[in-house]
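K.L.:
The chain contents come next:
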Amino acid sequence: MAQAPPADVSFDVAAVRRQFPALAQEVYDDTPLVYLDNAATTQKPQAVIDRLQTFYAEENSNVHRGVHRLSQQATDAYEDARRTLAAFIGAPSPETVVFTRGTTESINLVAQTFGRSTFQDGDEIVLTAMEHHANIVPWQLLQRDIDLTLRVVELTDRGALDMQAFAEALSPRTALVALPHISNTLGTVNPVADVVEAAHARDIPVLVDGAQAAPHRPLDVAALDADFYAFSGHKMFGPTGIGVLYGKAEHLAAMPPYQGGGDMIDTVSFERTTFAEAPHKFEAGTPNIADAIGLAAAAQWMMDHDRAALAAHEDDVLAYATDRLSQRPGVRLVGTAPEKASVLSFVLDDVHPYDAGTVLDRLGIAVRTGQHCTEPLMDRLGLPGTIRASFACYNTRADADRLAEGLDRVQQLFG
Amino acid sequence: MPTDSSIDARAQQIVDEFALFDDWMGRYEYLIEMGKDIPRIDDAYKTDAHKINGCQSNVWVRADTHDGRLRFTGDSDAMITKGLAALLIRVLDDQPPEAVVQADLNFLDDIGMREHLSSTRNNGLQAMVRQMKARAARLSAA
Numbered sequence: 000m001a002q003a004p005p006a007d008v009s010f011d012v013a014a015v016r017r018q019f020p021a022l023a024q025e026v027y028d029d030t031p032l033v034y035l036d037n038a039a040t041t042q043k044p045q046a047v048i049d050r051l052q053t054f055y056a057e058e059n060s061n062v063h064r065g066v067h068r069l070s071q072q073a074t075d076a077y078e079d080a081r082r083t084l085a086a087f088i089g090a091p092s093p094e095t096v097v098f099t100r101g102t103t104e105s106i107n108l109v110a111q112t113f114g115r116s117t118f119q120d121g122d123e124i125v126l127t128a129m130e131h132h133a134n135i136v137p138w139q140l141l142q143r144d145i146d147l148t149l150r151v152v153e154l155t156d157r158g159a160l161d162m163q164a165f166a167e168a169l170s171p172r173t174a175l176v177a178l179p180h181i182s183n184t185l186g187t188v189n190p191v192a193d194v195v196e197a198a199h200a201r202d203i204p205v206l207v208d209g210a211q212a213a214p215h216r217p218l219d220v221a222a223l224d225a226d227f228y229a230f231s232g233h234k235m236f237g238p239t240g241i242g243v244l245y246g247k248a249e250h251l252a253a254m255p256p257y258q259g260g261g262d263m264i265d266t267v268s269f270e271r272t273t274f275a276e277a278p279h280k281f282e283a284g285t286p287n288i289a290d291a292i293g294l295a296a297a298a299q300w301m302m303d304h305d306r307a308a309l310a311a312h313e314d315d316v317l318a319y320a321t322d323r324l325s326q327r328p329g330v331r332l333v334g335t336a337p338e339k340a341s342v343l344s345f346v347l348d349d350v351h352p353y354d355a356g357t358v359l360d361r362l363g364i365a366v367r368t369g370q371h372c373t374e375p376l377m378d379r380l381g382l383p384g385t386i387r388a389s390f391a392c393y394n395t396r397a398d399a400d401r402l403a404e405g406l407d408r409v410q411q412l413f414g
Numbered sequence: 000m001p002t003d004s005s006i007d008a009r010a011q012q013i014v015d016e017f018a019l020f021d022d023w024m025g026r027y028e029y030l031i032e033m034g035k036d037i038p039r040i041d042d043a044y045k046t047d048a049h050k051i052n053g054c055q056s057n058v059w060v061r062a063d064t065h066d067g068r069l070r071f072t073g074d075s076d077a078m079i080t081k082g083l084a085a086l087l088i089r090v091l092d093d094q095p096p097e098a099v100v101q102a103d104l105n106f107l108d109d110i111g112m113r114e115h116l117s118s119t120r121n122n123g124l125q126a127m128v129r130q131m132k133a134r135a136a137r138l139s140a141a
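Residue numbers (numbering that gives the first Met the number 0), protein chains in the order written: chain L, 0 to 414; chain Z, 0 to 141.
Hints listed in this document are in silico derivations from the structure and should not be mistaken for laboratory results.
Some clues are possibly wrong.
To be verified - No more than 20 Å apart at the CA atoms, straight line, and that leaves these computed lysine to aspartate or glutamate pairs for DMTMM-like:
#1 K45/Z / D378/L
#2 K132/Z / D103/Z
#3 K50/Z / D378/L
#4 K45/Z / E16/Z
#5 K247/L / D305/L
#6 K132/Z / D66/Z
#7 K35/Z / D349/L
#8 K247/L / E78/L
#9 K132/Z / D63/Z
#10 K132/Z / D108/Z
#11 K247/L / E196/L
#12 K50/Z / E374/L
#13 K247/L / D193/L
#14 K247/L / E94/L
#15 K35/Z / D348/L
Let's have the full structure, built from the sequences with the hints guiding it.
P.N.:
Written out as structure tokens, the structure is:
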């Protein structure tokens, strides 16, 4: 493989890194941290930390009910956050943005409302072999009540979606296609626009799990024309416990409520309750106000940067790391699709991923080891797991060098 | 072999051995070496019944009795885990079941490994201790 071209000099990664306090620390008292577990969760910029602090210090109040000043401010900030997220993903209106706890809850919401109200016995859900558990189990839960078949589209040897197999998986009984935009285990970027087009040609709705795409690629759900798009705040520099379900307005309007309680109601009597319009229909109870506002700060932080430059820098670090590791003896890359983002998954000959992860950890290098919540994929690959280095815009070629040096130590120790 | 083969004496010997290393790398190397000498479980027993739940790598430990004393065998597909299993077996093997049930295994804190193990692996180590004791308790009652 050819040496990757140097990074775009216009992107100042040092300036970006300075905005993330967690990156400056040492672990085990004396070892500078190299954080390469971004597919699990990203670190937070000072702008997000400050926004949360300001909310709790100055604005904290419940939303949508209070007539007092603070409640109005909190309501405005919460609904502003929805507008910011709509802008971040190119949604046609803020009303198509539902705040959830994250990707997992977003997919469960679609399964339990859209799925439960529209799927029929005999219907088929088309998934891919690279699915995260969050895009498998919600459909299996629905199988308890509806006789659904899950059809799994296989991958090519390099870990790309087999588009021929995908086309063949669609049938008159297909009720939904659900797939990841970017694989958390392989880094494969799926051709979601082609998938949506092929599915829509047969009037099949598409749900995209965007958990790994939101931090790495500019999003435009309107152009993509996906029916649903789910993502998590904490994987895109925002707080944990907050995420988004985007849904087309007509779907959200037709979907029944998910949970009952304050904020999702219009009027309640003991005889009859009427429900609020979407998105509030799906946000029962006091929402995660602070973290929704914090998530908007994260989205704004990304929009304040040249997102194409962020992505180009990340791609450069990924290409550099891929190049370094692919030249090492005893390293086998897992997932070498032509289109990849952020994730470098690999196994070492004769070294268990947990052993490698443990020693890398002691060297200050945070990677993920194991199945990455994609157990069916690991079974198909015949692997107990992989070592996964996943990059964000604040990672550097020097981080990739530290990983390679760490692997020297690992291979010495276990060789 | 030490003349005193009580659990405490064996544990102390391991603490003394680990104290010879002043860096974590040396301790890891020693742990990995120990794993190579583990009394190996027969492959036929590598079943769910002998698998330790709570470890992220596969680890199996089997307990048997011989002349009223426990005999442990084990294995793991990860070498650090195998070393930890070997460490426990070295201390608990060939002991009366009651002694294993009552064993105070504080030596694990004294060998300077715990601080180098992630919490998931520490949980795995705790699971190993719990299940070895549970098996000893069952064999003691039998």
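K.L.:
All the hints need checking, so say for each whether the structure fits it.
P.N.:
Results for each hint:
For the hint pairing K45/Z with D378/L, the CA-to-CA distance comes to about 19 Å; that is within 20 Å, so the pair holds. Straight-line distance between C-alpha atoms of K132/Z and D103/Z comes to about 11 Å, which keeps the hinted pair within the 20 Å bound. The hinted pair formed by K50/Z and D378/L meets the criterion: a straight-line CA distance of about 19 Å does not exceed 20 Å. The hinted pair formed by K45/Z and E16/Z fails the criterion: a straight-line CA distance of about 30 Å is larger than 20 Å.
Note on K247/L and D305/L: the hinted pairing is violated, with a Cα-Cα distance of about 27 Å set against a maximum of 20 Å. Taken as a hint, the K132/Z and D66/Z pair is honoured in the structure, with Cα atoms around 18 Å apart against an allowance of 20 Å. For the proposed pair K35/Z and D349/L, the alpha carbon gap of about 14 Å is at most 20 Å, so the pair holds. Only pairs whose Cα atoms come within 20 Å are accepted, and K247/L paired with E78/L is accepted, the gap being roughly 18 Å.
Proposed proximity of K132/Z and D63/Z is supported: the alpha carbons are some 12 Å apart, at most 20 Å. The straight-line distance between the Cα atoms of K132/Z and D108/Z is roughly 18 Å, inside the 20 Å bound, and the hint therefore holds. Between the alpha carbons of K247/L and E196/L the distance comes to roughly 16 Å, so the proposed pair stays at or under 20 Å and holds. For the given pair, K50/Z sits about 19 Å from E374/L by alpha-carbon distance, which is consistent with the 20 Å threshold.
Taking the CA atoms of K247/L and D193/L, the gap is near 18 Å; set against the 20 Å cutoff, the hint holds. Of the supplied pair hints, the one linking K247/L and E94/L holds, its CA atoms being roughly 9 Å apart against a limit of 20 Å. Between K35/Z and D348/L the CA atoms are separated by roughly 18 Å; this keeps the pair inside 20 Å, and the hint holds.
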